Amino acid sequence: MPLVLKGVMQSPVTPLKEDFSPDLETFERLLDFHVRTGATAISWPHHKGESLNLTIPERKAFAEVAVKVVAGRVPVSIHVSALSLRDSMDLARHAESIGADAIIAITPYFWNPTPEAIYEYFVKLGTTIDLPLIAYNSPSYLEGVELTGELTKRLIERLPNFVGMKEASFNSEKYLEIARVALPLRPTFAMISGVEFLAPAIPMGGAGSYSSAGAICPRLCIELYEACAKGESVKARELQFKLALLWDLFRDQYPSSLKGGMVLMGRPVGPTRPPLPTASKERIAYIGKQLQALGIMDTEPHGW
Amino acid sequence: MVTPMFTPGFVHTPVTPFAADETIDWSSFGRLLDFHIANGAQALALPMHVAESVSLTDAEQREVVFFALEKARGKIPVIAHVSDAGTTIAADRAAHAERAGAAAIVITTPYYWTPPADMLLEHFHQIGASVRIPVFLWHAPDEMRGSKITTDLVLKLISRLPNFVGVVDSSNDWQFQINVLSNAQRARPAFQLACGTEYFASAGANGATGFFSALAGVAPVLTRRLYEICRKEDYFEARPLQTHLAALHRIVKSGGFAGLKSALRAMERDCGIPRPPMEPLDASREQGFLGELRRFPPLGAEPRGW
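Sequences listed follow chains L and E, in order.
Our numbering puts the last residue of the first sequence at 304; the count rises by one with no breaks.
Our numbering puts the last residue of the second sequence at 306; the count rises by one with no breaks.
Read the hints as simulated data drawn from the structure, not as lab findings.
Note that the structure is predicted; figures quoted are calculated from it, not measured.
There could be a bad hint or two in this list.
[Claimed, not checked] List of simulated lysine-lysine pairs, DSS-like, C-alpha gap at most 30 Å:
(1) L:K289 / E:K156
(2) L:K230 / E:K232
(3) L:K242 / E:K253
(4) L:K235 / E:K156
(5) E:K148 / L:K242
(6) E:K71 / L:K242
(7) E:K232 / L:K235
(8) L:K6 / E:K232
[As the list claims (entries may be wrong)] In silico contact screen, one side only, chain E against chain L (beta carbon under 7 Å); selected entries:
(9) F18
(10) D173
(11) W174
(12) I178
(13) N179
(14) Y199
(15) S202
(16) G207
(17) E233
(18) Y235
(19) R239
(20) P240
(21) H244
(22) A246
Quick reminder that beta carbons are idealized off the backbone N, C-alpha and C, glycines included.
So that you can see chain E by itself, here it is in the shape it has in the complex:
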């Protein structure tokens, strides 16, 4: 198999809206996807952890991908996040995503288990070999505290998996970013690094070309400007934008996992609250949180509502 080419660019990672009865709110989800597509997304990746993938059933995850593909068809590509604890479950989900028309899949380390290095390689290999579309590994060590994605694992997977095209990094770790990219590009020159957090400027200076942003749903103008300036490799000009985005990230993070959905509500794009076991902000905390967002000047230039 020839290594397929796909450069994801500026990738929005939408949340999953839920109704009061905790079912997926498909109507709001449709509006949300339309919003992302109309506000600068070059691709969508879903359901990522910010979309509560782990709180969705297997059937719901497939449905979410299928729904997004219908919405985005002919407009922008969709990357399907297919991670699971079991290798065959994730591989089946990947194959489903490919049949439905996904442009690529993204996978992180298995949930709960901490397999030995050779079995971790086997896990990724089996999932990647179940499809012909491009495969990205997602390095998210703060969330996935067990197994780690290492440069050694990446190099071994490159030698076994022709459709393995890149790493999405959510570690913010310069040593990892530089080490994995400089080594991987010697083995596969088109190998890509994408930034999986809101800290694209330093990742871009280290060679990242893709930017997966959850805050794109809150601040699509700021995130898109940052992406465009960084792609011109003008990182000095990017600094003020990156500093604003870091400040916004800090505010949203202060609300915990529910912070992102509360921030979307502040921007008049209500996507409900997280599914249990994750909790919403209580009313008094949300008031303080929303006040802080209102006092954040860069949000004045961002779109409100759908």
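One chain only, chain L, in its complex shape:
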């Protein structure tokens, strides 16, 4: 199917059983929930999906389930970043072999590579497979290692399959510099915000977001996107402020609190693997009070 990256795209969490083993059955239900509640694309496993706490065979097994269950209803992107770049290449080739629609990859972990090394990494990844490639920029989490406007320009010129970026700097200057360079070169280039920071992004050329809170409140996320897309700035800001409160609630030990909130919404997905904590009963009770106060419990879907 043609790859269209627009609107509220969902990056599901990874369901685990109480013994922390993969819960593929619940993953199937979660994927189906996201597609039925308006996800315009599925992308898994982002850090919210505990990507780095899964083994490579586990990642491949979940990816196969994602492609099978979504079954072409919306595009499926596979996040292939791993500590070892050899593993990233392996995951990229696997994604292509199982029929995924795209891959997504962040700048390398741990090391502090030069801009040239970052460029070479993405060229290698993008030429290893024929699938569309989405780059993932997160300079605050990776200590300043980032895709600049200049690197983005060079990669667009080099890679015909470089189709978009998950831009998670949350910074006007960085975001606009990439959009300013990329969109004239490749007008279909998708600038996708991390989390639901849509109000400041959509008017500056943003295509949508990879949702944080979509497993809790998909209606609110879509309402925000639609207000932004229609240019309803005042309404968008009100909704953005509400989602910011949810982000404050869930960002702590992400995605532990998110998984805790899903229990309250009737969509339990099990614990979070160490070293991240699993939300305690007290934490879940606190989240419940906040969700109640924000009206989420009464306005968003319960259960699967």
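Guided by the hints, dock chain E onto chain L, whose structure is given.
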């Protein structure tokens, strides 16, 4: 004390012109302030870091504010930047600015020191309590690498300081802008966010109503248009203007700290070179820099000279 109302709007942040002997060039400064007032400024804020506040003596900083107040009297308000390392030094400067007629003060975190959170709160409280005019905190984490302004600090200061009316944000950080404004407005509904950089469109979408612009001295038409369109909340229409301004900002930034004064010279508004320890662009670099500015089409619509 009742919280005073003051909405700064479109704020120009002028540089400080220096003569060849490194003294303040008052004649050029007068012309520069007249230019800002005649070219769309709704308020002036000075001496900000782009005005080399940190390279001015305490007496010079007071004189700069006093001079600007005389120039702007009856026309537009002046916001005095009074930051310093020591709390009482900054508080005295704030009180002086109020006596001289400043409409508001703006302060950032202390220079050099990294006090604990309770002392940072005390620092801002003492400076803010030394005046009755509105107080803005200036969040500039890229320049002020020690202490940080947080939402928690802002909320505590709101509870202690009735004349604390807003934050000027130079971080460009959406998370900070949304978090601080959404929380502060629950405690003080009229609390304001102003954008302290040239990236007003996204800040406006996040709720910023004020725009502190250094490039207003270079491109007053572009910056004013951007401000007006954003205040109408039409951010899609703002995008091309914001994209031009971002490109101009990038060119000027490529010249380092001296880039702004070189850009002013390119627009035939010579304000000299920066005071040491900041260095001017060397001749060959300035030539390349000026060439890039000349090739930047949006500057064709901007005023040249004074």
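Each hint tested on the structure:
no.: 1; hint: L:K289 / E:K156; verdict: holds, 24 Å
no.: 2; hint: L:K230 / E:K232; verdict: holds, 15 Å
no.: 3; hint: L:K242 / E:K253; verdict: violated, 35 Å
no.: 4; hint: L:K235 / E:K156; verdict: holds, 28 Å
no.: 5; hint: E:K148 / L:K242; verdict: holds, 25 Å
no.: 6; hint: E:K71 / L:K242; verdict: violated, 44 Å
no.: 7; hint: E:K232 / L:K235; verdict: holds, 14 Å
no.: 8; hint: L:K6 / E:K232; verdict: holds, 26 Å
no.: 9; hint: F18; verdict: violated, 28 Å
no.: 10; hint: D173; verdict: holds, 6 Å
no.: 11; hint: W174; verdict: holds, 4 Å
no.: 12; hint: I178; verdict: holds, 5 Å
no.: 13; hint: N179; verdict: holds, 6 Å
no.: 14; hint: Y199; verdict: holds, 4 Å
no.: 15; hint: S202; verdict: holds, 4 Å
no.: 16; hint: G207; verdict: holds, 6 Å
no.: 17; hint: E233; verdict: holds, 4 Å
no.: 18; hint: Y235; verdict: holds, 3 Å
no.: 19; hint: R239; verdict: holds, 6 Å
no.: 20; hint: P240; verdict: violated, 10 Å
no.: 21; hint: H244; verdict: violated, 9 Å
no.: 22; hint: A246; verdict: holds, 5 Å
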